[in-house]
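J.: These protein sequence lines map, in sequence, to chains L and D. Number 220 in the working numbering belongs to position 64 of the first sequence; there are no gaps in the numbering. Number 670 in the working numbering belongs to position 72 of the second sequence; there are no gaps in the numbering.
Be aware that one or more of the hints could be misleading.
Said to hold, decoys possible - Coverage of chain L stretches by chain D, computed from C-beta distances (three or more under 8 angstroms per stretch; other residues unrestricted): (1) 246 to 252; (2) 351 to 357.
Unchecked claim - Derived, one-sided and incomplete: chain L residues facing chain D with beta-carbon distance under 7 angstroms: (3) Ser189; (4) Leu346; (5) Pro393; (6) Tyr406.
Keep in mind that the hints were calculated from the coordinates and are not lab data. On a predicted model such as this, the values are computed, not experimentally measured, just so you know. Note that the Cβ used here is the ideal one computed from N, Cα and C, for glycine as well.
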Amino acid sequence: MFAPYLLDAWIVSSLVAVASGCAGLFVVCRRESFAAHALPMAAFPGAAAAALFGVGQVYGLVVAALGGVALLLWLKRGQRSDAATALLLVALLALGSLFLSLSGRYADSVYALLFGQIFAVGPDDVLPAAILGLAVPAVLLSGFRPLLLSALSPDLAMVRGIGCTRIEILFLSVLALAAALALPVTGALLVFSLMTGPAGAACIMVRSPRAALALSVALALALIWSALALSYLTGWPAGFFTGVLAALLYLAPRIWRTARPAPRSPGLA
Amino acid sequence: MFDGFLASTVVQNALLIGAAAAVLSGVIGVFTVLRGQSFAGHVLADVSSAGGALSLLLGINPMLGFFGLGLLGALGLTGRRRGDGDLAAGILLGAGLGLTALLLHFAVTMRGVAGAAVSVMFGSLFAAPPGAGLLACFAALVGVLLLALIYKPLLLASLDGELASVRGANIRLVAGVFLVLLALAVTLSAMAVGAILSTALLIGPAAAALRVSRRPWVAMLLAALFGVACCWGGVALAYASYDWTPGRVWPVSFFITSLVLLVYAAASWRRH
Chain L
157 MFAPYLLDAW IVSSLVAVAS GCAGLFVVCR RESFAAHALP MAAFPGAAAA
207 ALFGVGQVYG LVVAALGGVA LLLWLKRGQR SDAATALLLV ALLALGSLFL
257 SLSGRYADSV YALLFGQIFA VGPDDVLPAA ILGLAVPAVL LSGFRPLLLS
307 ALSPDLAMVR GIGCTRIEIL FLSVLALAAA LALPVTGALL VFSLMTGPAG
357 AACIMVRSPR AALALSVALA LALIWSALAL SYLTGWPAGF FTGVLAALLY
407 LAPRIWRTAR PAPRSPGLA
Chain D
599 MFDGFLASTV VQNALLIGAA AAVLSGVIGV FTVLRGQSFA GHVLADVSSA
649 GGALSLLLGI NPMLGFFGLG LLGALGLTGR RRGDGDLAAG ILLGAGLGLT
699 ALLLHFAVTM RGVAGAAVSV MFGSLFAAPP GAGLLACFAA LVGVLLLALI
749 YKPLLLASLD GELASVRGAN IRLVAGVFLV LLALAVTLSA MAVGAILSTA
799 LLIGPAAAAL RVSRRPWVAM LLAALFGVAC CWGGVALAYA SYDWTPGRVW
849 PVSFFITSLV LLVYAAASWR RH
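Looking at chain L on its own, in the form it has when it is part of the complex:
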């Protein structure tokens, strides 16, 4: 399981977990679950285009995910209807499927990009993953207070001179980078699970935002390491374990709570 050729997979997925755990906490606190759902979908055609034109996958992912941020802001500003939003997301997926079918490795790459391929990580992926995996938590930690304040109390943030729109754009861009980083490992459809499962559990378990952040990262690491190990041992796809474990992680503290009603503390979510 810890053979040298798998070392890259362990390193990259750990970086992915740290970035996703951090980004996920802010997704939950700022109630941006739609963005966490949409940005991986926007990144999908980027990876497909990279495969078609023979460019490094990470470049396609980052460019497309940041394009997705612009699209999200445009949708928000124009108050577009749900139908328009849903159709645009679906069209992005369809565009990705076109690129993949033209690239010639249709069947394999569709599965890999939708559900992830943790063991396909190679030595070339480590450096970009390290850059993104360190940049995402660094930006989020340095903007810790304004990021939370502008979401929990926009008025107070305004008084303190924090521009909510600027913070929003900054946050969505960082979220896009985290999604681009996580997509090859978990797949476009399961980035959401990795981001919000651990964070959702952490927010209900502890009250202080800093503790929740630490717990969210720790749970995300535990989640991805378990998925990797179980996938290695059973030969089943890691995406299955990511999706199911994230749901269990999210539900467990809630069931625990309902089972023994302790003095309730509101928590973050």
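Got chain L sorted already, so can you dock chain D onto it with the hints?
T.: What follows is chain D alone, placed relative to chain L:
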């Protein structure tokens, strides 16, 4: 370029499935949009993808798989408490998608189904089993008849729930039957454009039609027409694309989805 287009049984099959999916999705889609249940359609599509994967694994008709899991999803939706946020729904869907990943993996490794992920998630109109077209038409017919049966109470309940219950309509029953119909529409759409793209066929033509006319009858008719036009146009374009990039057919579902988006954009632009 279109020599033998209509004579090919594969194309005939594709046109039939496309038309059946478009008609049922169009009429059901109008109510889905009116009732604000787009999200339920999305949930059913994601859940039914596991059924599509399961049918590949078991070697049964994909329609059975999509519909079976779609029904389970509908059952889950009726049991859903109000106020469960997007977050919980998204995470539960993630578990369902994980299951799809596992079943697709088994379909490839244990049964050697080539392109399992593509056909379930992005559709496989040209690879549908012979006879699937007629079966799809039959299913669409049953769906439309069932809708006609609950049309009045459904319309009343969609527009004004309180008035409907005062009039003695059994709202819970009507809502339940509607979810079953929604699962059937999602099934046919998933056969046509794939599970994760089925929202396009369900919501797109209906939303475009409602931009043109708010009268339910007209909107349903228009939605069905828009949908059939997009599906048939998509099949024709995919057929033609064989000559654009020698040896490679562009995905039908890409063309259908793009056409739906164009129709919706045109209908929205007309309103401005």
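J.: Which of the numbered hints above does this structure break?
T.: none
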